[in-house]
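Q: Taken in sequence, the protein lines are chains A and B.
Under my numbering, the letters of the first sequence match residues 1 to 220, in that order.
Under my numbering, the letters of the second sequence match residues 221 to 428, in that order.
Incorrect hints may appear among the rest.
Covered stretches of chain B (in silico footprint by chain A; criterion: 3 or more residues with CB under 8 Å from a CB of chain A, positions within the stretch not fixed) [to be verified]:
1) 296 to 308
2) 377 to 388
Straight line, CA to CA, 30 Å or less: simulated DSBU-like cross-link-like pairs of lysine-lysine [claimed, not checked]:
3) B/364 x B/421
4) B/421 x A/101
5) B/294 x A/114
6) B/281 x B/269
If you're looking for bench data, these hints aren't it; they were derived computationally from the structure.
Here a beta-carbon is modelled for each residue, glycine too, at the ideal position from N, C-alpha and C.
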Amino acid sequence: MNGAHDMGGMHGFGPVRPEPDEPVFHAEWEKRALALTLAMAMPGGWNIDASRFARENRDPAEYLAMSYYQIWFAGLETLLKERDLVTDDEIVVGHGLHPPKPVKRTLSPDDVLKVLHRGRPTERDTNTKAAFKAGDKVRAKNINPVTHTRLPRYVRGHVGVIERVIGCHVFPDSNATGAGENPQWLYTVRFGGRELWGLDGDPTSAVSVDAWEPYLEPAR
Amino acid sequence: MAHEHDHDHDHSELTETQLRVRALETVLTEKGYVDPAALDLLIETYEKKVGPRNGAQVVAKAWADPAYRVRLFKDATPAIAELGYAGRHGEHIVALENTPKRHNMVVCTLCSCYPWPVLGLPPVWYKSAPYRARAVSDPRGVLKDFGVTLPQDTEIRVWDSTSEIRYLVVPMRPDGTQGWSEDKLAELVTRDSMIGTGLPKSPKDLAK
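Isolated chain A (complex conformation) (with noise of 0.2 Å):
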């Protein structure tokens, strides 16, 4: 979708901030809602395509106002109202009202360490042949879902070089709708400044985008 939230060479910003010995956190109730999040994904049963999508699917004023951790508790809200895993009225109170959905697992203190050690890879085995090899040129497609996708507006259209075929990994646009996994390959492309920007574009760097195949095709 064209949220908010794909922000590359939006202007009116202003200076980047870093903060001089930045906590972890800020308030104790972004502690619990990091943490909530990562649990709640077990029980959930959502992957992170479709909780990202949870996030960046809301009014583009509403996301700029928020604060990170508050753009992952809105999504949180968003998957657990969508499952019937929580209602409106039971966070009106804060209490259980309803009984609670049957889940398949929850996640126990014991597997906390193990659960994130073995994080959640996305390369899959393949039986297709990628299509493009590291020099190849290619351009991004000119795609406009009004659902998720991993393809940032400021390239669509653009020319660019394949740098690195990385793997056949989960391709998020059919993953984040519930479409299943649909593994892709998956591609560095690199675009000069100029290509990118125009002549406002600082021709001394390059970026790189990682995209799978179905956003790219053949350019000369």
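Let chain A serve as the given structure and place chain B on it in line with the hints.
A: Here is chain B on its own, set in the frame of chain A:
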């Protein structure tokens, strides 16, 4: 909570959020979906244990041990796992080599992708609109915000983390560190130098 005192005279959004998070945690706990002890352990892990000191060990080893450096740039995920760092948001890691000709900088323009096992949770600025917007279109300007100016003939290479690949910048080893142990070298490696928005400390900085 001590910091609530600062906010109790205004109905800030923060207070609203605080109450809302607390309410949701209670609901999820009462319904048996989450165990508060698991939440505490998750928080403790990312607040106290996993952080940029992990990445600094990786970089220091790459500086001190030529064979490790080769392994790291060939396939970073297993090389980093040799030091015990692996998992969530670091399932597939690529190490990026800074040279006098090329400076690497990492961003996630679409959200906040960041290599957790080696750097911990991202700082606020990394997730903020100014960084996500400008890192790709004006990287030298962003570096200036961090007080970093690089020679004009150094290529600035920006990596937008749009997939589950996570990037770790390996900065150049500072001069005047011959014969240093890995532990001492690691003290020079800052978090920002591994994102590419900073440079490592010099031996002089360390003496200060």
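Q: Need the list of violated hint numbers for this structure, in ascending order.
A: Hint 4 is the one this structure does not satisfy, whereas the remaining hints hold.
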